[in-house]
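**Student:** Listed below, chain by chain, are the residues.
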Amino acid sequence: MFRIALKNILHDRVRMVAALLGIVFAVVLVMFQFGLLSDFLRNASAIIDHSGAPIWVTAPSVANFEFSGELRESLDYQVLATPGVGRVERLIMTFVRFRKPNGSYEGAQLVGVDLERGTRIPWAFHSGSHEDLLDPESITIDLTDLEKLGSPGIGDYVEVNGRRARIAAITANVRSFIASPYLFASLENAERYAERIETGETSYLLVTPSPGRGVEEVLAGLRKLQGVDVLTASDLGRRSQEYWIFRTGAGFAIGLSTVLGLVVGTVIVGQTIYSSTMDRLKEFGTLKAIGGSNVHLYAIITWQAIIYAIAGYFPGIAASFGLARLAALANTGILITPLLIASMFFLTVGMCIVASLLSIVRVTRLEPAMVFK
Amino acid sequence: MIAEPGGLLTQAGRVTASMRNVVKRYGHGRTAFTALRSVDLDVRAGELTLLMGPSGSGKTTLLSIMGCLIEPTEGTVEICGRRVDSLGERRLPAVRLDRIGFVFQGFNLLSSLNAVENVEVPLSFRGTGKRARRARALELLRELGLAGKERQLPEDLSGGEKQRVAMARALSTDPLLILADEPTAALDGVTGKHVMEILRERAHGGVAVMVVTHDPRLLDIADRVVRLEDGRLVE
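Protein sequence lines correspond, in order, to chains C and F.
Residue 295 in the numbering used here sits at position 295 of the first sequence; the count goes up by one each step and never skips.
Residue 590 in the numbering used here sits at position 217 of the second sequence; the count goes up by one each step and never skips.
Some hints could be false.
To be verified - Straight-line C-alpha distance at most 30 Å; calculated DSSO-like pairs for lysine-lysine:
id, chain 1, residue 1, chain 2, residue 2
1, C, K282, C, K7
2, C, K7, F, K503
3, C, K7, F, K522
4, F, K566, C, K373
5, C, K282, F, K522
6, C, K282, F, K503
7, C, K100, C, K148
8, F, K503, F, K522
9, C, K282, F, K566
10, F, K522, C, K373
11, F, K566, F, K522
Just so you know, these hints were derived from the structure itself, not from any lab.
I would like the entire structure built from these sequences, with the hints used as guidance.
**Tutor:** Set out below in structure tokens:
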């Protein structure tokens, strides 16, 4: 049946090209949307994921990393006194106004990191390092935000919330989920620039258990503290991701585009396979008449769908990588993972098989006696 | 006794296909139409039977019932001693595949497959291995004078060549019954005669062959002629 399916496809090149274009379009659209979503989700929890701390202490009911609350001064000592806690880092997260060299303003997120306690945040530098942030007035900007922030260079002075700041380092692709760029600074510098954080207050406490102590055991101890939430890093990361997917329109919009891509692909492939089936209706009738069962006919049509899927999948993946590169030039992240590539294969095959169902229904109803008409 | 291509022994004259009191009605109520009326017919091994009759007399319906393509409204049909009139569409394909070979007026070859691949199709339905079915298809094409045409697509073959490919396909499973619907209608006189000679040869080899035709020139090639008029058999 495979040979008949393959020959049917190759015999009608125009139709084959139309179907393949439809599949490539669907693959690219779905890959693009899922890639965009994956990148958004990665960025939504990037700081949490890269912190290295398995436990996060937050203000009550924090919905996502960006919308932090304030934790009182000295809470870090209480946390440190909890049995099993090995290390506590403070982290400040606050929105600020960034004044560009040309005088205009841009919203940004200032992240104060605990350099004294060996923070891992930020995790990638294009130029400079954590040490460069120890100096007063030092902040980072990200390479992908340079243009948005007026293209300042290392050593240039800018303003953050009306106070002077100096670009001391440039991070590499450390990007926020939302449009506001990340600025990293030491805790001391962040306290000076932040408007709503008092000295000693913090947004998050990042907790690492002592060697040999389990996360669950430390969590249980920390949950006795009043007025705070204690979460694992993965729970907080997931909470942040879910917030952006389900409580904003982002997930719906991306999901809708993905479904649209699949629907368009299914319609194009379905229409192609169906018109091919209709053109060959007498041949399918002949196959029934000479002893082919419905199963044989289903096999031919399903093989056609699978061949189309495989033939359209690979150029679709190649085109997706090309598009991801183009998107990167426009500062739009498209995260194409091996899991996405593998899932897309099964999705493409599934889409083509669904597209062939109408043809299968048509040949099922075909009377073999039509061969004499 | 005659050795069949399939290796079985068939007694010449044995009834291969039989219809008893077969009635076929289409539609219901006032639009009902009776295509066949109490038809009794035996088609025997070793015979080439011509089925003739005017248009609308029920020839195609009779052929479709005998070919297990449709079920009769009343009556019984047996193929090789097995009742097939109420087997149902799930079991009939196997009967058609194992017992019956079809030859069509319009050849009905698969346009995307070449000659040898067309002949292989019924064997692939049977699950015959690739090598065996290729060997059988090539043997039949050679036997029917199509050596050198094996890789040609139907669109590159003449009418007579297409019909011989269709006959090779019909013969590939060694059927006991061959049903041919106007096999010479689309062919010139010489080619048509050649096709009929092949069918007669098969009949005399022990296969039951029934040919539906309007062509009176075929009368002298037939072993037996049956006529249908207004759904009734007039032998």
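**Student:** Confirm or reject each hint.
**Tutor:** Each hint, compared with the structure:
1. C/K282 - C/K7: 16 Å, holds
2. C/K7 - F/K503: Satisfied, since the Cα-Cα distance of roughly 16 Å is no more than 30 Å.
3. C/K7 - F/K522: Given pair C/K7, F/K522 holds - Cα atoms ~18 Å apart, limit 30 Å.
4. F/K566 - C/K373: Given pair F/K566, C/K373 holds - Cα atoms ~24 Å apart, limit 30 Å.
5. C/K282 - F/K522: 24 Å, holds
6. C/K282 - F/K503: This hinted pair holds, its Cα atoms lying about 26 Å apart.
7. C/K100 - C/K148: Holds - the C-alpha atoms of C/K148 and C/K100 are around 9 Å apart, at most 30 Å.
8. F/K503 - F/K522: 19 Å, holds
9. C/K282 - F/K566: Holds - the C-alpha atoms of F/K566 and C/K282 are around 27 Å apart, at most 30 Å.
10. F/K522 - C/K373: 29 Å, holds
11. F/K566 - F/K522: Satisfied, since the Cα-Cα distance of roughly 21 Å is no more than 30 Å.
In this structure, every one of the numbered hints holds.
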